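A.B. asks: The primary structure of each chain is shown beneath.
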Amino acid sequence: MTDETPAPEGGAASDWGFETRMIHAGAGPDPVSGSRQTPIHQTSAYAFHDADHAASLFNLQTFGFIYSRLGNPTVAALEQRIASLEGGRGATCAASGHAAQVLAFFPLIEAGERFAASTRLYGGSVTQFSRTFPKFDWRCDFVDTEDLSAVEAVLARGAKALFVESLANPGGVVTDLETLAGLTRAAGALLIVDNTLATPWLCQPFEWGADLIVHSATKFLSGNGTVIGGAVVDGGRFDWSASGRFPGLSEPEPAYHGLKFSETFGDLAFTVHSHAVGLRDLGASMAPMNAFLTLLGTETLALRMERHCRNSLAVAEWLTEHPKVEWVSHAGLPDSPYRELAEKYLPNGAGAVFTFGVRGGYEAGVRVVEKCELFSHLANIGDARSSIIHPASTTHRQLTDEQRAAAGAGPEVVRLSIGLETVDDLVRDLDIALAAA
Amino acid sequence: MASPLRYSDALIAGILRRVRTITMVGASPNWKRPSNFAMKYLQQKGYRVIPVNPRAASAGASILGEKARSSLADVPAPVEMVDVFRGSEAALEITREAIRLRAEKGFEVVWMQLGVRSDEAAAEAEAAGLTVIVNRCPKIEYGRIWGELGWGGFDRGVISSRWPRPAKRDEGAG
Numbered sequence: 001m002t003d004e005t006p007a008p009e010g011g012a013a014s015d016w017g018f019e020t021r022m023i024h025a026g027a028g029p030d031p032v033s034g035s036r037q038t039p040i041h042q043t044s045a046y047a048f049h050d051a052d053h054a055a056s057l058f059n060l061q062t063f064g065f066i067y068s069r070l071g072n073p074t075v076a077a078l079e080q081r082i083a084s085l086e087g088g089r090g091a092t093c094a095a096s097g098h099a100a101q102v103l104a105f106f107p108l109i110e111a112g113e114r115f116a117a118s119t120r121l122y123g124g125s126v127t128q129f130s131r132t133f134p135k136f137d138w139r140c141d142f143v144d145t146e147d148l149s150a151v152e153a154v155l156a157r158g159a160k161a162l163f164v165e166s167l168a169n170p171g172g173v174v175t176d177l178e179t180l181a182g183l184t185r186a187a188g189a190l191l192i193v194d195n196t197l198a199t200p201w202l203c204q205p206f207e208w209g210a211d212l213i214v215h216s217a218t219k220f221l222s223g224n225g226t227v228i229g230g231a232v233v234d235g236g237r238f239d240w241s242a243s244g245r246f247p248g249l250s251e252p253e254p255a256y257h258g259l260k261f262s263e264t265f266g267d268l269a270f271t272v273h274s275h276a277v278g279l280r281d282l283g284a285s286m287a288p289m290n291a292f293l294t295l296l297g298t299e300t301l302a303l304r305m306e307r308h309c310r311n312s313l314a315v316a317e318w319l320t321e322h323p324k325v326e327w328v329s330h331a332g333l334p335d336s337p338y339r340e341l342a343e344k345y346l347p348n349g350a351g352a353v354f355t356f357g358v359r360g361g362y363e364a365g366v367r368v369v370e371k372c373e374l375f376s377h378l379a380n381i382g383d384a385r386s387s388i389i390h391p392a393s394t395t396h397r398q399l400t401d402e403q404r405a406a407a408g409a410g411p412e413v414v415r416l417s418i419g420l421e422t423v424d425d426l427v428r429d430l431d432i433a434l435a436a437a
Numbered sequence: 001m002a003s004p005l006r007y008s009d010a011l012i013a014g015i016l017r018r019v020r021t022i023t024m025v026g027a028s029p030n031w032k033r034p035s036n037f038a039m040k041y042l043q044q045k046g047y048r049v050i051p052v053n054p055r056a057a058s059a060g061a062s063i064l065g066e067k068a069r070s071s072l073a074d075v076p077a078p079v080e081m082v083d084v085f086r087g088s089e090a091a092l093e094i095t096r097e098a099i100r101l102r103a104e105k106g107f108e109v110v111w112m113q114l115g116v117r118s119d120e121a122a123a124e125a126e127a128a129g130l131t132v133i134v135n136r137c138p139k140i141e142y143g144r145i146w147g148e149l150g151w152g153g154f155d156r157g158v159i160s161s162r163w164p165r166p167a168k169r170d171e172g173a174g
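In the order they appear, the protein sequences are chains A and B.
Per the numbering used here, the very first residue in the first sequence carries number 1; after that it's consecutive.
Per the numbering used here, the very first residue in the second sequence carries number 1; after that it's consecutive.
Calculated directly from the structure, the hints in this document are not laboratory data.
Hints should not be assumed to be uniformly reliable.
[Said to hold, decoys possible] With the C-beta cut set under 7 angstroms, the calculated list includes, among others, these residues of chain B facing chain A:
#	residue
1	TYR7
2	PRO29
3	ARG48
4	GLY150
5	GLY153
6	PHE154
7	ASP155
Since the structure is predicted, the reported quantities are computational estimates derived from the model, not experimental observations.
Ideal Cβ placement from N, Cα and C applies to all residues, glycine included.
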């Protein structure tokens, strides 16, 4: 007969506060053992009750696990948590942020079709979109998203999605999500927002009209520089059947006996597809241990982000006064051109990754990085440890001069990711490095 | 579509615990159809699901082991819940028949599937004392309340630190 377990008394996700959800969403006591922390389900495969159960699972007729490439209970706990924190319908975790980006586009873009992306992106994303995606015959048009007529033009030319970063890497740039969502909606296209630098604690892109959110879980979500991971979150509001532009989700899927995902799964369609087709065939699945470490990280997300933001603003303010610093690009500074957008979209803080320009150009930039003792010189951000990098010689090295300039990664630019150390120590370290530059 | 409808978890869970037999109007014999998916899942959870499908009934067909019926009047009592798995335009007529047959069949709940909405039908059924759920899927709601939906990476909106007791049938096992 039906499950006799009492239903929990709680209400909808939105009835619980953010901090409660960052600890509890997706992770109640284990039904079998009572384990209060989420178990690491270190298994490749899952037993079937019988042949009919197996058939039901393979046909997507019931919920359950088959094989950890498609889904894993520890990973699923993290997917639920990220979906809850973003206010989305469902999430699909992936082996990395880059894998999540492939998963995001995979159901949407057919060979020969186009999407658009902001010029202000992480350099690795620019390279992925401009160099590797064309091998799938996915075509990306880069556009300055502050030029709205250019955005309209690129959408009118057939771009099926617009990809932006809410708080753009390498830093200090805030994207006007609500305005762009109006343009994509009018064009029947999707707005895909990379919310990695902001995290759901600082920015809630679905509230401003985003359709999908992608994350690198490597950064603030996990928070300790321990994992490579990613996620794509579906807001569940795009009507694939009515649109007709996304046959991968609305037309019969031959590998599932002609099942139509949008008809069968409604607002679950994108996330079911991402697991049952995307992860099945692309194979870039998140490891259970990485999901576990990211779950631990999300438990303290709001606390960490508050300190990250406070330290970051203090360092940025100090840098603005330094004679060897030409400029500081931090959206929390009073003279930032993005200050108003930051107050609207990032009410809890303007993030912890930003850039500044050092007098003396490329060579001075390289020297500042090399002279730091406490700041780690590495190509990651969102760690408890502060890090420093010279994008022009590293993360944005593969780009052309024009692409670097458009991405805010010119020769004099130094990028900081401010961690959780004593802020006076961070300032002293930069002071010594700048003196030597 | 009008404003989204909100139901408490307690209301949904109460219905899904109380109901034993469901009649699914619009159940398809084609295993690839959404109604067939939902029917099979609900059967696996222990519900008896009686399909109403005139075409299948006239051919004498069964769906997932249950004889197809031509109409609600043809469904053997007792049945606590009518699951409307037809387009919104058919919901009013089905609901009116459910109201008419309510005492005879034991109907307590009219449940309109995800994507099915008729405010007129809902109002008439509520006025007749039936419990009404609109624009929800009992399969998804079952999975959401008791956890399986989360296996697919979906936010269930359910938070609890209680260790659920196993169902009675499992106690003492192992």
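A.B. asks: The structure should be examined with respect to each hint, and the outcome stated for every one.
C.D. replies: For each hint, the structure was consulted:
1. TYR7: 10 angstroms, violated
2. PRO29: Where the cut-off is 7 angstroms and the nearest Cβ of chain A is about 15 angstroms from B:PRO29, the hint is violated.
3. ARG48: For B:ARG48, the interface hint is violated, since the closest Cβ of chain A sits about 10 angstroms away, which is over 7 angstroms.
4. GLY150: 5 angstroms, holds
5. GLY153: This interface hint holds because 3 angstroms falls under the 7 angstroms limit.
6. PHE154: With a minimum Cβ separation of about 4 angstroms from chain A (threshold 7 angstroms), the hint on B:PHE154 holds.
7. ASP155: 4 angstroms, holds
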